[in-house]
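If you're matching positions, the sequence shown starts at 5 in the working numbering and goes up one per residue.
Check the hints yourself; a few may be wrong.
As the list claims (entries may be wrong) - Here are the simulated distance ranges between beta carbons:
id, residue 1, residue 2, range
1, P138, T111, 27 to 33 Å
2, K131, D52, 29 to 35 Å
3, T111, D38, 56 to 62 Å
4, K141, D60, 28 to 34 Å
5, P130, T44, 24 to 30 Å
6, G136, T111, 49 to 55 Å
Stated by the list, open to error - Here are the simulated DSSO-like cross-link-like pairs (lysine-lysine), alpha carbons at most 27 Å apart as the crow flies:
id, residue 1, residue 2
7, K144, K114
8, K51, K99
9, K110, K78
10, K77, K110
11, K78, K99
12, K83, K141
13, K62, K121
14, K62, K51
15, K135, K83
Derived from the structure by calculation, the hints contain no laboratory data. Bear in mind that the values here come from a model prediction, so they are computed numbers and not experimental data. Where is the CB? At the ideal position from N, CA and C, for every residue including glycine.
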Amino acid sequence: MSFRGGRGGPRGGSRGGRGGFGGRSQMQQGPPQDVYEVGTFKHECEKDIVCNLTLDQKVPFFNAQIWSSDDSKKSLIGKVDEILGSLTEVYFTIKTSEGVQASSFKTGDKFYIATDKTLPLERFIPKPVVKGPPAPKPKKKKTAGGSRGGFSGGRGGSRGGRGGRGGRF
């Protein structure tokens, strides 16, 4: 007996599922080994922290964890929530973690991010379109008169049919 397509018709039933997706990797627990300064405190806005971006030519990931210091006693402040501003003056907001008050920071306080949680700024800048010479247009063959013999038109069938319920046609 050969398999003739279908999706588990009356005979044979289903051919099984497609398997699951791999387990999701766990977020790293605790502070990262290597961090660098990502921004400075500007002001508080609706329990969030607004920061000036201090990284050069880099932008933080959304939901990247933000830490309070670069020494061995790092503490989690929150996660990147929004990125705003122009390409030359970038700001970002931090959604604070439980127990962290945005009002407890003062202007100029520094925040840190893991080194692998940033993207290059070029990814957000449109690439310049390089215009080359125009492509040559294909030349059509000139023929005298119409086509001779054969069938003209494509290979498609008609969309209608000889329907009806009987009778003469």
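**OP:** Output the numbers, in ascending order, of every earlier hint that fails for this structure.
**Re:** As far as the earlier hints go, 1, 3, 4, 7, 12, 15 are violated by this structure, in ascending order.
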